[in-house]
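Peer 1: Residues per chain are reported as follows:
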Amino acid sequence: MKLSLSLTRPLAVAAGIAAVAVAAPAVAEYPEKPVRIVVPFGAGDSLDGTARVIAEQLKKALKVPFVVQNIPGAGGGKGTAEANKAKGDGYTLLMGSTGALTARPLISKPGYVTSDFVPLAQLVEVPIGLAVKADSPFKSVKDIVAAAKAKPGGIKYATPGPGATQHINMEIFAKAQGIGMKHIGGRGGKGAITKTLSGEVDFVFVGAPNYTGLAKGGKLRVIGIAAGKRVPYFPNVPTFKEQGYDFTVAVWFGLLTRKGTPAAVVGKLRAVVKTVANQASTSALYKKFNFNEAFLDGEGFQKRIDANVAKHQVVLKDIGLIK
Amino acid sequence: MDLIPFSAIGAALGAIADPMILLWILIGVVVGLIFGAAPGLTATAGVAIATPLTFGASFEVAMALLLGIYCGGYFAGSIPAILINTPGAPGNAATALDGYRMARRGKADLALSLSVISSFIGGFVSILVLMLAAPRLADFALEFTSVEYFALGTFGLVCVAAVSGGSLLKGMIAAALGMLLGCSGIDPVGGMTRLTFGDPNLLGGVPLMPALIAFFAVSEMLVQAARKDSLATLPAQRRVGMGEVLSHYLRNKWLTIRSAFIGTGIGILPGTGPTIAAWISYGESARKKVPNAEEEGDPRGVIAAETANNAVTGGALIPLLTLGIPGDTVTAVLIGALLIQGIDPGPFFIAEKSDLFVQILLILLFANLCILVIGLGTRRWLPAILKLPPRILIPIIGVLCATGAFAINNTTFEVGLMAVLGLGGYVLIRFGFPMAPVVLGLVLGPMIETNLRNALTANDMDATVFLTRPIGALLLAAAVFTIVWTWRRHRAS
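Respectively, the protein sequence lines represent chains A and B. Offset between the first sequence (1-based) and my numbering: plus 160. Offset between the second sequence (1-based) and my numbering: plus 894.
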């Protein structure tokens, strides 16, 4: 069959119009192709675990693949910058965490600022805990503060790395107590623990779930949790507050999208993430990782991010990471 | 071994002997082979992608799949390394040095066979060590502080710089250039940004995989393109019998055993991995000079690198299963998979869950047997790739390199970086600089710098700690000895 030219052209125009017409309500159809979740840390990191759990649940709810993509480097800065290059269409999401999102843009120009991203929901929190080697003389947070006062600069501690939330907050604590300590980066939470086990540092300050196996096996002693209340997996370890220090730190993980994402898509994503985050099957998976569920909706998450940025601005100047 | 009761061995055998479990191990190994052989995809990525699939699976099925990918992935990177000078994963880069030379001399079959059997031996020895001495060795790993890591990094770098052919001075310059590249990004101790030229893409430093593809595959393509005449005259590939392959192991039994222990030992150390293990083992093997190794390729190099590379698997599981601390990047991902199974690995794991521990050992053993069978079964037809005329083969490698660099982060930046570094590598080769120390400088530079500065910070800037701690002092003394020895040998010849 041969179509005459006169017929082809109107057909093409019609097809074009149809395409536009189909494209217009695309927001309502979101998502119509796989969605990528950028995790700015390596595979196996706890942020990665959170992302993979939520990706599985979102896939079931929205019937398109949610693909987790790890882009590690620069303490989360590299992957966050990469997510910032995407179009604001809801097809690239960011698994954001405290330090990369709120501290890194203050320290250097990583290719994004905090306000480049629109929060969808905070998902989990990891409470931070202080642990020492099993044979350490320190039995409480007070012992450490006293030792640091007695010998300024004599106490050494490890966190995942310079500029990490754990490092910034331990410096906040030290400043409040009027003590100075030496910081050594562990290139990740497990690396920081290794430095404590080998005796290179006096204590480690990383996510408390990291300690469970070693504490049970008698290699580490957890002596303080920087959370509002005790954590279920260390029922006998008092909080900092119980020991007389008003100090809470948590690393939070949440899902964000690039700014410019259509409001309808943001609305749909917020609603779906809220539903899947509060499902029993999601909680069960988080529980296995010892994560504290800490759902905050978009607005609540935004407030928390803003508060973190304001706090970091002051401390980073104090510890010399901002000139 | 006294920790494991016989009842546990029986129970584990019963669980693993299920044909479905064996099938899952085989599937894991095949998936691992694909991830390992494709440049840009690594065993770590394979295990990370497969982990959510195990959320609903039993312990045996989950471990069968994931450990299969682990072992298969570490081995398979050697196939493209030998055939087209493109290491499939960073741990196989050292294999490319001698393996590729052998392939170009018609000995691809021998090189592939050696890589298969060496991987098996390395894997097997590391399983034995994991079984017999895990808790004690984990305690030994904790003797390593920043001082020892600094000394180990320095020793490794000096070894490779000294033996990589050409002059000692050029080797050292090449290593320094690699370390300079490794300085880019966020300063790992102070947290400040340096040498990024304002490009946020470089904040994370120069990524290893694009650099490896650049310095090995891209530079080599340019070298080949520049000497058109020799391209057409590759000698015919020669098949080798099993007897000839095994004779290499009889002649080099000490090298093989030493490489297996180097690999296992470095696997045990948290924060290291197959790349460092393979290079240090390779450096050790290359101390003994073989005539014409520069041209012909030395089978000992393939044996050393591949044995150590796969021995990392059992080694890296030691701190994971005894302390809950991963020995390399794959075991870091495995923590999540174990947590989902309700297992929080720690000092009690082997004693309390001895049947699960034995299951892991058996799965590893069977995975290594799968590699042996699949590897030896395919070694004959893989070299057929080399029969392709260069005008077809080189563009294919080019596309493979570009997609590999892209696949790492799904970004085009890595592709551009690969092209620039490849060109730089070609210029260096033209001026007679060896490539191996550049790559190793990039791998070990950050380790050396971070640990030097951390060691000094932790010890009130007292540099004598490098002499007073025995392991560190020994390694540094070995580094100095290597430099003096190489220098004297160069003067003598």
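If you are wondering where the hints come from, they were derived from the structure by calculation, not from laboratory data. Just so you know, not all the hints are guaranteed correct.
[Claimed, not checked] Some but not every residue of chain A turned toward chain B, in silico, with C-beta under 7 Å:
(1) Gly204
(2) Pro270
(3) Lys309
(4) Ala310
(5) Gly314
(6) Leu357
(7) Glu360
(8) Gly373
(9) Ala440
(10) Ser443
[Unchecked claim] Some chain B residues well away from chain A (every beta-carbon gap over 10 Å; in silico):
(11) Phe949
(12) Arg998
(13) Leu1074
(14) Asp1081
(15) Val1083
(16) Ile1219
(17) Ala1226
(18) Ile1229
(19) Asp1238
(20) Pro1241
(21) Phe1242
(22) Val1321
(23) Arg1324
Don't be surprised by glycine CBs; every beta carbon is placed ideally from N, CA and C.
Peer 1: Hint by hint, note whether the structure agrees.
Peer 2: The hints, checked one at a time:
1. Gly204: Where the cut-off is 7 Å and the nearest Cβ of chain B is about 4 Å from Gly204/A, the hint holds.
2. Pro270: Holds. Min distance 5 Å.
3. Lys309: This hint is violated: Lys309/A lies away from chain B, its Cβ roughly 18 Å from the closest one there, beyond 7 Å.
4. Ala310: violated, 16 Å
5. Gly314: violated, 9 Å
6. Leu357: Hint holds; Leu357/A Cβ to chain B Cβ min 5 Å, cut 7 Å.
7. Glu360: Holds - the Cβ of Glu360/A comes within 7 Å of chain B, reaching about 4 Å at its closest.
8. Gly373: holds, 2 Å
9. Ala440: violated, 15 Å
10. Ser443: violated, 14 Å
11. Phe949: violated, 7 Å
12. Arg998: Non-interface label on Arg998/B holds, nearest chain A Cβ at 35 Å vs cutoff 10 Å.
13. Leu1074: Answer for Leu1074/B: holds, closest chain A Cβ roughly 18 Å.
14. Asp1081: For Asp1081/B, whose nearest Cβ neighbour in chain A is about 8 Å away, the distance does not exceed 10 Å, so it is violated.
15. Val1083: Since the minimum Cβ distance to chain A is about 6 Å, Val1083/B lies within 10 Å and the statement is violated.
16. Ile1219: Given a closest Cβ separation of 5 Å, the condition is violated.
17. Ala1226: Not fine: 4 Å to the nearest Cβ puts Ala1226/B too close to chain A.
18. Ile1229: violated, 6 Å
19. Asp1238: Its Cβ does come within 10 Å of chain A, the nearest being 5 Å, so this is violated.
20. Pro1241: violated, 3 Å
21. Phe1242: violated, 5 Å
22. Val1321: Consistent with the label, Val1321/B stays out of reach of chain A, its closest Cβ about 27 Å off (over 10 Å).
23. Arg1324: holds, 31 Å
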